[in-house]
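Participant: Letter by letter, the chains look like this.
Number of protein chains: 4
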Amino acid sequence: MFRINPASGKAIYEQIMEQVKEAAWKGYLKPGDALPSVRKLALSLNVTPNTVAKAYQLLEKEKVIITIRGKGAFLAENASQEVDKGKMQEIKISLKEILSELRYEGYDEKKIASLIHEIYQDLEG
Amino acid sequence: MFRINPASGKAIYEQIMEQVKEAAWKGYLKPGDALPSVRKLALSLNVTPNTVAKAYQLLEKEKVIITIRGKGAFLAENASQEVDKGKMQEIKISLKEILSELRYEGYDEKKIASLIHEIYQDLEG
Amino acid sequence: MFRINPASGKAIYEQIMEQVKEAAWKGYLKPGDALPSVRKLALSLNVTPNTVAKAYQLLEKEKVIITIRGKGAFLAENASQEVDKGKMQEIKISLKEILSELRYEGYDEKKIASLIHEIYQDLEG
Amino acid sequence: MFRINPASGKAIYEQIMEQVKEAAWKGYLKPGDALPSVRKLALSLNVTPNTVAKAYQLLEKEKVIITIRGKGAFLAENASQEVDKGKMQEIKISLKEILSELRYEGYDEKKIASLIHEIYQDLEG
DNA sequence: GTGGTCTAGACCACG
DNA sequence: GTGGTCTAGACCACT
Chain A
1 MFRINPASGK AIYEQIMEQV KEAAWKGYLK PGDALPSVRK LALSLNVTPN
51 TVAKAYQLLE KEKVIITIRG KGAFLAENAS QEVDKGKMQE IKISLKEILS
101 ELRYEGYDEK KIASLIHEIY QDLEG
Chain B
1 MFRINPASGK AIYEQIMEQV KEAAWKGYLK PGDALPSVRK LALSLNVTPN
51 TVAKAYQLLE KEKVIITIRG KGAFLAENAS QEVDKGKMQE IKISLKEILS
101 ELRYEGYDEK KIASLIHEIY QDLEG
Chain C
1 MFRINPASGK AIYEQIMEQV KEAAWKGYLK PGDALPSVRK LALSLNVTPN
51 TVAKAYQLLE KEKVIITIRG KGAFLAENAS QEVDKGKMQE IKISLKEILS
101 ELRYEGYDEK KIASLIHEIY QDLEG
Chain D
1 MFRINPASGK AIYEQIMEQV KEAAWKGYLK PGDALPSVRK LALSLNVTPN
51 TVAKAYQLLE KEKVIITIRG KGAFLAENAS QEVDKGKMQE IKISLKEILS
101 ELRYEGYDEK KIASLIHEIY QDLEG
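Sequences listed follow chains A, B, C and D, in order.
Numbers 1 to 125, taken from the UniProt record's numbering, label the letters of the first sequence in order.
Numbers 1 to 125, taken from the UniProt record's numbering, label the letters of the second sequence in order.
Numbers 1 to 125, taken from the UniProt record's numbering, label the letters of the third sequence in order.
Numbers 1 to 125, taken from the UniProt record's numbering, label the letters of the fourth sequence in order.
Mixed in with the good hints there might be a few duds.
Because identical chains cannot be distinguished in the list, a pair is counted as satisfied if it fits within a single copy or across any two copies.
Claimed, not checked - Calculated pairs, DMTMM-like style, for lysine to aspartate or glutamate (alpha carbon to alpha carbon, straight line, at most 25 Å): (1) K92 - D33; (2) K54 - D33; (3) K26 - E124; (4) K30 - E109; (5) K63 - E14; (6) K61 - E109; (7) K61 - E97; (8) K96 - E62; (9) K61 - D122; (10) K71 - E109; (11) K111 - E77; (12) K40 - D122; (13) K85 - D108; (14) K96 - E118; (15) K40 - E97; (16) K85 - E22; (17) K87 - E101; (18) K71 - E124; (19) K26 - D108; (20) K54 - D108; (21) K26 - E62; (22) K54 - D122; (23) K110 - E14; (24) K10 - E77; (25) K54 - E14; (26) K54 - E124.
No wet-lab data here; the hints were simulated from the structure.
No experiment lies behind these values; they were computed from the predicted model shown.
The task is simple: from the sequences and hints, build the whole structure.
Facilitator: Laid out in structure tokens, this is it:
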């Protein structure tokens, strides 16, 4: 269900968090749905349970999931709202960094716009 | 000349690198201009010279500056002229991911273009 | 596993980098293999961990190894597979200069080929 | 007469030494010929006289030139022999390093030989 | 004065 | 345990 890339530079627990959020966001997981147990997910990702547990704890803090002792973790009722809230800000920050890089590579606003157009068309295709 | 924020979460040497690039882009530094010496910048930023040196060495690897032993560091003549192919590909991939996410968020090309414009203006400030 | 010569004139971190590359080339290290940890290698070479870390970080920039926080450093999967274009051009330029000098020394293509062969055999040993 | 590149990474005094040796070797300077004075050369290279003086002193140590107080520096009678002596060893070392790099980039002896051939033909052309 | 390298030690995040 | 970063101080070569 989830995939991680240990060599990506990003912390594994963050990758797990992102994947849960993405699943919630794209509708693969709906409010009330059960998440895989810490142990099972740890096994399937070939990671220590500690790492998965950390991701789940942080997700609960962000009110994306709810954990019930002895039963497991479930997607919160208003998870997608919570997810959306942070998402746009993250996207904007990433976009800002990339634009800054592009600018340094000699791209002015016009060239950037044209690049964006090109990539967007690529997505549609 | 440069400012860093030790509490920003980003490594100091990375912040220095970004500021040099930004100064180059905004024209505060022109090709051939001398950068502040490692020691002086370290003093003014209240950082150890090692940290500044690390930033400068990485900038030299990226061909943003040229350092000459015993003389100092200077903005490279062709800074940002020849676009780094490998880097551009990385940037395009990141951009593609972000655009893809934006589309999920319901952004069409027009809204994306407007968002880009907004962020770009922000960078100029 | 690795040996350095502090009196060789070459920087220690460069020697480490070369030795890793050599081990990769000679097959002592295969893609995915773990490198000795920064601290262990530092101990066995009688160097500070910083020096080893510098070598490893530069090797990662060159995509020779992959480091994973908390796990260690590993030989990259595609080490030496995709040839670095920029680097190849630098190598060719150097080679051209050397061949030019050899020609001045009176070496014709045949003698050069024989010299190359001799040095190459030397490397293998 | 001489050209240096302050950004080449090589020490300037070494570059001057190499250029004198090259001039001797290629016959531009013959035994007994006067070298430019320290001050004049320093001026024309836009370098401090100290740097030129250092190069000349080392060249005298290597018996490539002879300096006479109040008169200047002159190419030694047997300069080209002295020059040749060290030259081949330097070339071999450089060649070894380059072959090592090539090997790491995935070139086996056959590919190296073919590359050498190609570059050699280029020189002839 | 300049940058390049190294040491010895520390703290942090991650697994 | 791992690597990533930073500090404080040292020595060196070069200009």
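Participant: Which of the stated hints cannot be reconciled with the structure, identified by number in ascending sequence?
Facilitator: 1, 6, 9, 10, 12, 15, 18, 20, 22, 23 and 26
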